[in-house]
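Chemist: Once you've looked at the hints, dock chain B against the given chain A.
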Amino acid sequence: MAAKLDPIVGRYVNLSLQGREHRVYFEEAGNGIPLLCLHTAGADGRQFRYMMTDAAITDHFRVISFDLPWHGKSTPPEGWQNEEYRLTTDAYIEAIRTFRDALELERPVVLGCSIGGRIVLGLAIRHAAEFRALIGLEAAAHQTGWYDTDWLHRPDVHGGEVCAGLVSGLIAPQSPDTSRWETLWQYMQGGPGVFKGDLYFYRVDSDLRSEIDKIDTRDCPLYLLTGEYDFSCTPEDTAATAHDIRGAEITVMKELGHFPMSENPRQFRTYIIPVLEKIRAREVSCERR
Amino acid sequence: MAQQTAMAVGPLEAIGRLAELVNSDRSLVHRGRYVTNDIMIEIGNVSHYVRIDKGQIASLQRGPLLMHSWSFAIRGKEQAWRTFWQALPPPFFHDIFALAKRGEFRIEGDYKSLMTNLLYYKDVIAAPRRLAKETC
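Residue numbers (the working numbering), protein chains in the order written: chain A, 1 to 289; chain B, 1 to 136.
A portion of the hints provided could be inaccurate.
To be verified - Among the chain A residues that face chain B by a calculated CB cut under 8 angstroms, a handful are: (1) Trp146; (2) Glu161; (3) Ala164; (4) Gly165; (5) Leu166; (6) Gly169; (7) Pro173; (8) Glu228.
These are computed hints drawn from the structure, not numbers from a lab.
Beta carbons are placed, not taken as given, at the ideal position from N, Cα and C, and that holds for glycine.
Just chain A, with the same shape it has in the complex (with noise of 0.2 angstroms):
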């Protein structure tokens, strides 16, 4: 009998990054428009395995999803048990654009969840030009810390029980439990300290309130789509942040919280297809013209 293989495949890409080497995860299935995916913070490009599987994105598009480093099957660099980790903004873009170009993949598509979904922003702000479409689901220019993030990272409370505990509140109720539960999985698989890290750059590093102005959607569009039940990342947050960039498009997803593309995948491709549709659209008429 065949094996029932998925169209997925992962490799490893060594990068060298803030100055250290990096031995990086990531996988891919499609063709066609890259489209580099960006997992949420504390997760891994797991996220993105039902957009890799559904033919209507793959057969116009190339998915791309990689760990960060410290994320997923990414090894963390040497020397890190002496170190607690903390994302920053620019070790972030650096890593975007350092693995887009060994990659070699052209001004691709740009889809980033939460802390992706923030960087989306940082990229319209610095390297528009760089990106034919950026789409942030979750996306906002700033979030005040809501909660202590301590407790994410101690060693008398399991680090990936707690991370599951906190997050599952942002899955919305009408997602599937078999999703809502790999959802959580992977929150509970985060190496200690990884997701307070992310936190550091969601929260304290990357405040773009003041240069959201800055993105002309005229370079590269900008699409932000948001759940309804995610209160993290409310709708509200991203429409305040859409509210100062001429030409966004935002949307407000039915049914969804933060995890999208993980908690609901059914539910989300009833979204994000239509902007996919959109971009190949815009695209042809480029080739035309």
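Modeler: For chain B alone, coordinates are given in the frame of chain A:
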């Protein structure tokens, strides 16, 4: 709205059925097998003292009950609990922290006991939602 079916019973009656709802859920009791603790759930101005023994609800006493200790308490108005316990609650009423962030719930006391078994406590506290699901 059909999807957000309200409970057939009110919050005060629903909390009274907490023991049967939790204790009949084997996987939830297993998840809480290391939890032995006293907590307090306040609905409006009515306190409920919940004693948990190895993941099972051992007793639930309705207040007033002076001088009774608890490790942490969750307090909210009756309407907030009613909305939280709908089969499919609306956004921002679907999770204890969502409600706390909105100011609808207050979570007080020893956070460590809550955070150490967060997935367990969240499902215990949401258990009365099953009463609304049964009426769907």
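Chemist: At a threshold of 8 angstroms, is the proposed contact between Trp146 of chain A and chain B supported by beta-carbon distances?
Modeler: holds (6 angstroms)
Chemist: Does Pro173 of chain A pass the interface check with chain B, least Cβ-Cβ distance below 8 angstroms?
Modeler: holds (5 angstroms)
Chemist: Would the stated hint for Gly165 of chain A survive a check requiring a Cβ distance to chain B of less than 8 angstroms?
Modeler: holds (3 angstroms)
Chemist: Is the interface hint for Glu161 of chain A satisfied, with its Cβ closer than 8 angstroms to some Cβ of chain B?
Modeler: holds (6 angstroms)
Chemist: Are Leu166 of chain A and chain B close enough, Cβ to Cβ, to be under 8 angstroms, as the hint says?
Modeler: Cβ of Leu166 of chain A sits 7 angstroms from chain B, so the hint holds.
Chemist: Does Glu228 of chain A pass the interface check with chain B, least Cβ-Cβ distance below 8 angstroms?
Modeler: With a minimum Cβ separation of about 5 angstroms from chain B (threshold 8 angstroms), the hint on Glu228 of chain A holds.
Chemist: May I ask you to test the interface hint for Gly169 of chain A with respect to chain B, counting a Cβ-Cβ separation under 8 angstroms as satisfied?
Modeler: Holds, because the Cβ-Cβ distance from Gly169 of chain A to chain B comes to roughly 3 angstroms (cut-off 8 angstroms).
Chemist: Measuring from the C-beta of Ala164 of chain A to each C-beta in chain B, is the shortest one below 8 angstroms?
Modeler: It holds, given that the least Cβ distance between Ala164 of chain A and chain B is near 6 angstroms, below 8 angstroms.
When held up to the earlier numbered hints, the structure conflicts with none and fits them all.
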